[in-house]
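Undergrad: Here's the letter readout for the chains.
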Amino acid sequence: MPVTGEAIRLSRLFSEGKNAVVVAVDHGLYFGPLPGMLSLPEVINRVAKADAILMAPGSPTHCQSVFSKRGAPAMIVRLNWGSNYAAMWKYQHSHSVPMISVADAVAQGADLVISSLSLKNPDEAEDAHNVEVFSACVAQARALGIPLIGEVYPTGGDDHAPEELQDEIFVGCRIIAELGADLVKTFYTGKRFNEICAATPVPVLALGAKKLPKESDALKLAAVSIEAGARGIVYGRNVIQAKDPDRLLDALKEVVKDHMAPDKVAAKYKLD
Amino acid sequence: MPVTGEAIRLSRLFSEGKNAVVVAVDHGLYFGPLPGMLSLPEVINRVAKADAILMAPGSPTHCQSVFSKRGAPAMIVRLNWGSNYAAMWKYQHSHSVPMISVADAVAQGADLVISSLSLKNPDEAEDAHNVEVFSACVAQARALGIPLIGEVYPTGGDDHAPEELQDEIFVGCRIIAELGADLVKTFYTGKRFNEICAATPVPVLALGAKKLPKESDALKLAAVSIEAGARGIVYGRNVIQAKDPDRLLDALKEVVKDHMAPDKVAAKYKLD
Amino acid sequence: MPVTGEAIRLSRLFSEGKNAVVVAVDHGLYFGPLPGMLSLPEVINRVAKADAILMAPGSPTHCQSVFSKRGAPAMIVRLNWGSNYAAMWKYQHSHSVPMISVADAVAQGADLVISSLSLKNPDEAEDAHNVEVFSACVAQARALGIPLIGEVYPTGGDDHAPEELQDEIFVGCRIIAELGADLVKTFYTGKRFNEICAATPVPVLALGAKKLPKESDALKLAAVSIEAGARGIVYGRNVIQAKDPDRLLDALKEVVKDHMAPDKVAAKYKLD
Amino acid sequence: MPVTGEAIRLSRLFSEGKNAVVVAVDHGLYFGPLPGMLSLPEVINRVAKADAILMAPGSPTHCQSVFSKRGAPAMIVRLNWGSNYAAMWKYQHSHSVPMISVADAVAQGADLVISSLSLKNPDEAEDAHNVEVFSACVAQARALGIPLIGEVYPTGGDDHAPEELQDEIFVGCRIIAELGADLVKTFYTGKRFNEICAATPVPVLALGAKKLPKESDALKLAAVSIEAGARGIVYGRNVIQAKDPDRLLDALKEVVKDHMAPDKVAAKYKLD
Amino acid sequence: MPVTGEAIRLSRLFSEGKNAVVVAVDHGLYFGPLPGMLSLPEVINRVAKADAILMAPGSPTHCQSVFSKRGAPAMIVRLNWGSNYAAMWKYQHSHSVPMISVADAVAQGADLVISSLSLKNPDEAEDAHNVEVFSACVAQARALGIPLIGEVYPTGGDDHAPEELQDEIFVGCRIIAELGADLVKTFYTGKRFNEICAATPVPVLALGAKKLPKESDALKLAAVSIEAGARGIVYGRNVIQAKDPDRLLDALKEVVKDHMAPDKVAAKYKLD
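Taken in sequence, the protein lines are chains A, B, C, D and E.
Add 132 to a position in the first sequence, counting from 1, and you land on the number used in the numbering used here.
Add 132 to a position in the second sequence, counting from 1, and you land on the number used in the numbering used here.
Add 132 to a position in the third sequence, counting from 1, and you land on the number used in the numbering used here.
Add 132 to a position in the fourth sequence, counting from 1, and you land on the number used in the numbering used here.
Add 132 to a position in the fifth sequence, counting from 1, and you land on the number used in the numbering used here.
Quick caveat, the hints were computed from the structure, so don't treat them as lab data.
It is possible that part of the hints are untrue.
[Claimed, not checked] Computed list of lysine-lysine pairs in DSS-like fashion (alpha-carbon distance at most 30 angstroms, straight line):
(1) D:Lys201 - C:Lys201
(2) C:Lys342 - E:Lys396
(3) B:Lys181 - A:Lys389
(4) B:Lys201 - A:Lys385
(5) B:Lys352 - A:Lys201
(6) A:Lys150 - B:Lys385
(7) C:Lys222 - E:Lys252
(8) D:Lys222 - A:Lys323
(9) B:Lys346 - B:Lys323
(10) D:Lys181 - C:Lys389
(11) A:Lys396 - B:Lys201
(12) B:Lys222 - C:Lys323
(13) A:Lys252 - D:Lys389
(14) A:Lys252 - D:Lys342
(15) D:Lys201 - C:Lys389
(16) C:Lys150 - D:Lys181
(17) B:Lys389 - A:Lys181
(18) A:Lys402 - A:Lys352
(19) B:Lys222 - A:Lys201
(20) B:Lys342 - C:Lys252
(21) B:Lys222 - A:Lys150
(22) C:Lys343 - E:Lys402
(23) B:Lys222 - C:Lys222
(24) C:Lys252 - B:Lys343
(25) C:Lys181 - D:Lys389
(26) D:Lys181 - C:Lys385
(27) C:Lys181 - D:Lys385
(28) E:Lys343 - C:Lys252
(29) B:Lys385 - A:Lys201
(30) A:Lys252 - D:Lys201
(31) B:Lys400 - A:Lys201
Next up, chain A with everything else stripped away, as it sits in the complex (with noise of 0.2 angstroms):
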């Protein structure tokens, strides 16, 4: 059982013991400035609709409008910086250091944190590094009743072939999740990601990735990561960079809590 504290924000979370729809803005810590999101506070204001926000450390004190009042977004805040997120710059190896401590992060005002750990690496110590880092997360997590949300990437990102990514994600999410991970958040795999919910003993979050053509198609990745067992999702670009992220997220809302068919939904709030 967790204790209290974390009971209380995880349940706050999944309000109403429904799926939750989370917001990602922290790419510019491995991208720089991402089209659409050149200022950060106008980008977060237009989100305000989302369950929570995954923040960098360093962007609450420029962002703190959108989670000052009562029923805001909850604040994630990601603890380490791991060298694979660096796709832009071909980076094949998973070097996880922390960036802030958990109670740094309540400082700054988060509810949840999030920490990855990337494994399969090209040196072994990589790996045993990575889960060192990880686990002094899970540590600090319970020491304060936050929960920690691992975040299972594997080093080199979606560009696996379907097959090795659905290995390495269903190893990967067993793996943090006996670390001490209260949820995961991780790749939609494909037409096995119900494997991957049924073996993973917490709450699984599927992250949108790569911006997709259409915004109905959003929704419909919404869709099968719920129908497969996921317990939300948790999208950047795919929301950040449509045409009104506000529209966008109440369709998501229907889709992800309400179970309702991404199409009717899609053609509800006229998204292509």
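Take the given structure of chain A and dock chains B, C, D and E to it, following the hints.
TA: Just chains B, C, D and E, lined up with the frame of chain A:
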């Protein structure tokens, strides 16, 4: 400016810039089970409309459901115990001791914390000791970005002569703010309460103290407190022992947040 | 919610959801060697059927065999010493001091720990100090997932007038639970003991106190305690000084766990 | 002499002086979800007859019920992660890192802990680092009276030539015991395993490693291990992937605790 | 079970299982320089045949030679100072304070340490404080594996009426053992001293107290102490102020270790 997390948590309490209605259910720490408060979980479910609920450090674990959804009341955990609160035993001193650290309160789910400071004791050393206990709370709360309410509760409570109470609180609120309280909770002192609010550099919350004869009295007390400059109220018995706490909370919110006239609100909600 | 380890250890005490029969053998801390308790190791071997055995911090090293098999009684170690227990010296105050940390108690084999809290002392400062000592135990126990029994033992013990004892314990049990006790141990107060159990948000264990004239009286006391809502009993002299502690424990279990009528059980076990 | 708490916890594992049957369900830390282990809580309920269950640090919170009654299996929590266990990735080194402290493991419910030590690595510095990680576990475990199992797992696992495996384990068991392990867990090495048991000054537990073709083979392996001097076995897949883990555990206990002949036991329990 | 280092050090005191003859030379802490003890280094060299020598914390640095060879007496360092020992000033209370930590005592060469506990003081708070001071010694001594002698020295010393002294020591020895003393040092109380030894779960050492008129009396006191169940004696003035301490020690060893009749031993050694 307070650090980001603290600013966010304060803004959630005063959501949309409005004043706050807080309910205190920590009487058990001093009085044991008061009438109407035998079952803490039941009581708390009846005050779920409050902006925040103030609890003893051992209570969250028994009452977590009320805090477990998005937009739920904020949890305020009391950090210290002071013998002057044991009014039923006619205690005349004020020995303050720590009950729980801010980190442990966060682990129990706290969004804010409260610590009291009682000065002008029979023995000067008590004053000094109490300042030390309070200051340690400030340091802990700051490090975690958790807003700290400083409670100004003169030794002897509200049994002082009115002028004396005014003087002690006028002085005490400024002292506690200068020690680092982010908000102040204290007695409404009457006609000159506005001087207290004016001279206190942080928001003041007025406490309800003993059960008032009529529920409309509770509305009036709230109205004069707000009018004098208080940014909210902290009611215990006046809400919990009401015939219908839920209805009284609705009425109090109209008075406290929307500055409605208490007699009209009493009539609207059919309160005696 | 308690953390996993604490929940597990509590469930072992109330195994299969049944009430608990605990034997206390820590009298030596205050009274020295009572009749029938000259040799602690011998005494303890006679009460191996208890669900748990409560000991002084120096005793486990002399009595480890009774705890050394699967399914053995849980070990409860007392953490503090309070002068009010020194009843034979007619002590009138209650100065509580720590004897052993929770970590050191675990190193001695503790599965649970106990700390007492005595209030309403001749000097208020004693109350405050005792709250501080107790609260430190709560923090230590939580950090290690060790359940903490809070003992409510009014200064003066059970020599109070019945109404006064009822009042003090009614108040004291709520205070200690709001401070963070996971269970409460206290006196059976008579006909209104049910009010205490109802107003205490954690399980209550009734203590046996002085040796009762007849062993069937001990069964009756257990029966009325459980009937009033206690989740178990903590007996010392009434078990240890029994003619056949082993047989009495069997009888007590039928009353406490299976709610059998005490007179029938007394007859079955041939207890006077 | 171990301190009291450690001696008690060891005696509970070897209850009534008999050998121990331990089931390991921590494979997820390296292999992800193995067949037959998709749902950890389900798996664990099928092995409730074990004397102890070995888990990853994140698993107790999902599996607490099996430990939650008097006489339940002891919980063993793994403290470190070593890259050499990631056998499916053909890892050739052994980088050991801490996952959880002994205090945090106790908070999760641990009765015992385990840490591995793999030596003779491609880089000497790895050996030294691993000794440091293991020694830190010894210090923490001693301070809390929690028995520490030292796992001797040569880099490369049991893919060594038999003589080489014998030599490495013969050496490794003595090293780990001299570093302070209270028990040793290692591979059964064949005919000369008795030399290992004889030269290791603490009890040796033989691990089952890969799934054996027939369940009767698992009985035979247990029998030869015990005959050679092992004080128990630690089986994972051989129990979990059995047709009826409960029945196999009954059979294993007859072999391990009562020294019954494995073929007779296989016949009695109708195991192939 | 005590931890290894403590067990080893205890066994060295009771070498070959025999009782111990200890000489105390810490009188200066209370009485200043007693006759025959003007030069501490000289005194100590005359009692080198003792099994152990009990000293004040500042003395080892002046007396190190006697401890500086293999098989030398064990060094016992006193940890606390209690005002009740200042008998020459007719002190009536017992305020116990720490003088030296166990770690610092070890740095001075201590093999064992001693701390006293005096209860039943004019003010209850003194009792509680003394328990706290003693308990802190227990925790320190356990952490370092140093055996701790608990000295039971009623406030007022041996000026009590015999029955009262018997009662206080009977109670006190059990209390100090349940607090965690590894041995007890106390007064020989007369004919019922055997009851004290029987009810104390750790070895009892009988102290010699005031100088007896004749050296043969010292032998007789040792004999009756051992006969009653003491595991050794702690003599100060009776040895130091003897005509030939060395010879008296030889005689005492025959009585204490070999149970020889004191009159025969007195005759053999020509003691008056």
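Undergrad: So, for every hint listed, does it hold in this structure?
TA: Checked hints:
For a cut-off of 30 angstroms, the pair hint linking lysine 201 of chain D to lysine 201 of chain C stands: about 14 angstroms separates their Cα positions. Between the alpha carbons of lysine 342 of chain C and lysine 396 of chain E the distance comes to roughly 51 angstroms, so the proposed pair goes past 30 angstroms and is violated. With a C-alpha separation of about 24 angstroms, the suggested pairing of lysine 181 of chain B with lysine 389 of chain A holds against the 30 angstroms cut-off. Between lysine 201 of chain B and lysine 385 of chain A the CA atoms are separated by roughly 16 angstroms; this keeps the pair inside 30 angstroms, and the hint holds.
With a C-alpha separation of about 27 angstroms, the suggested pairing of lysine 352 of chain B with lysine 201 of chain A holds against the 30 angstroms cut-off. The hinted pair formed by lysine 150 of chain A and lysine 385 of chain B meets the criterion: a straight-line CA distance of about 29 angstroms does not exceed 30 angstroms. Between the alpha carbons of lysine 222 of chain C and lysine 252 of chain E the distance comes to roughly 10 angstroms, so the proposed pair stays at or under 30 angstroms and holds. Proximity of lysine 222 of chain D to lysine 323 of chain A is assessed by CA-CA distance (about 28 angstroms); at most 30 angstroms being required, the pair is judged to hold.
As the CA atoms of lysine 346 of chain B and lysine 323 of chain B are separated by approximately 20 angstroms, the hinted pair is consistent with the 30 angstroms bound. The straight-line distance between the Cα atoms of lysine 181 of chain D and lysine 389 of chain C is roughly 24 angstroms, inside the 30 angstroms bound, and the hint therefore holds. A C-alpha spacing of about 29 angstroms is found between lysine 396 of chain A and lysine 201 of chain B, which places the hinted pair at or below 30 angstroms, so the restraint holds. For the proposed pair lysine 222 of chain B and lysine 323 of chain C, the alpha carbon gap of about 28 angstroms is at most 30 angstroms, so the pair holds.
Under the criterion of a C-alpha separation no larger than 30 angstroms, the hint pairing lysine 252 of chain A with lysine 389 of chain D is inconsistent with the structure, at around 41 angstroms. For the given pair, lysine 252 of chain A sits about 22 angstroms from lysine 342 of chain D by alpha-carbon distance, which is consistent with the 30 angstroms threshold. A threshold of 30 angstroms between alpha carbons decides the hint, and for lysine 201 of chain D with lysine 389 of chain C the separation of about 15 angstroms falls inside it, so the pair holds. Our distance criterion of 30 angstroms between C-alpha atoms is met by lysine 150 of chain C and lysine 181 of chain D, whose separation comes to about 21 angstroms.
Taken as a hint, the lysine 389 of chain B and lysine 181 of chain A pair is honoured in the structure, with Cα atoms around 24 angstroms apart against an allowance of 30 angstroms. Our distance criterion of 30 angstroms between C-alpha atoms is met by lysine 402 of chain A and lysine 352 of chain A, whose separation comes to about 14 angstroms. Proposed proximity of lysine 222 of chain B and lysine 201 of chain A is contradicted: the alpha carbons are some 42 angstroms apart, above 30 angstroms. Of the supplied pair hints, the one linking lysine 342 of chain B and lysine 252 of chain C holds, its CA atoms being roughly 22 angstroms apart against a limit of 30 angstroms.
For the hint pairing lysine 222 of chain B with lysine 150 of chain A, the CA-to-CA distance comes to about 51 angstroms; that exceeds 30 angstroms, so the pair is violated. The hinted pair formed by lysine 343 of chain C and lysine 402 of chain E fails the criterion: a straight-line CA distance of about 56 angstroms is larger than 30 angstroms. Distance restraint check for lysine 222 of chain B and lysine 222 of chain C: the Cα-Cα separation of roughly 25 angstroms lies within the 30 angstroms cut-off, and the hinted pair is therefore satisfied. The suggested pairing of lysine 252 of chain C with lysine 343 of chain B holds, with an alpha-carbon distance near 24 angstroms, which does not exceed 30 angstroms.
Pair hint lysine 181 of chain C plus lysine 389 of chain D holds up; C-alpha atoms about 24 angstroms apart against a cutoff of 30 angstroms. In summary, the hint linking lysine 181 of chain D to lysine 385 of chain C is supported, as the alpha carbons are separated by about 25 angstroms, within the 30 angstroms threshold. Among the hinted pairs, lysine 181 of chain C with lysine 385 of chain D is consistent with the structure: their alpha-carbon atoms are about 25 angstroms apart, no more than 30 angstroms. A distance of roughly 48 angstroms separates the Cα atoms of lysine 343 of chain E and lysine 252 of chain C; the hinted pair therefore is violated under the 30 angstroms criterion.
Restraint check for lysine 385 of chain B and lysine 201 of chain A: the C-alpha separation of about 16 angstroms stays at or below 30 angstroms, so the hint holds. Straight-line distance between C-alpha atoms of lysine 252 of chain A and lysine 201 of chain D comes to about 40 angstroms, which puts the hinted pair past the 30 angstroms bound. Under the criterion of a C-alpha separation no larger than 30 angstroms, the hint pairing lysine 400 of chain B with lysine 201 of chain A is consistent with the structure, at around 28 angstroms.
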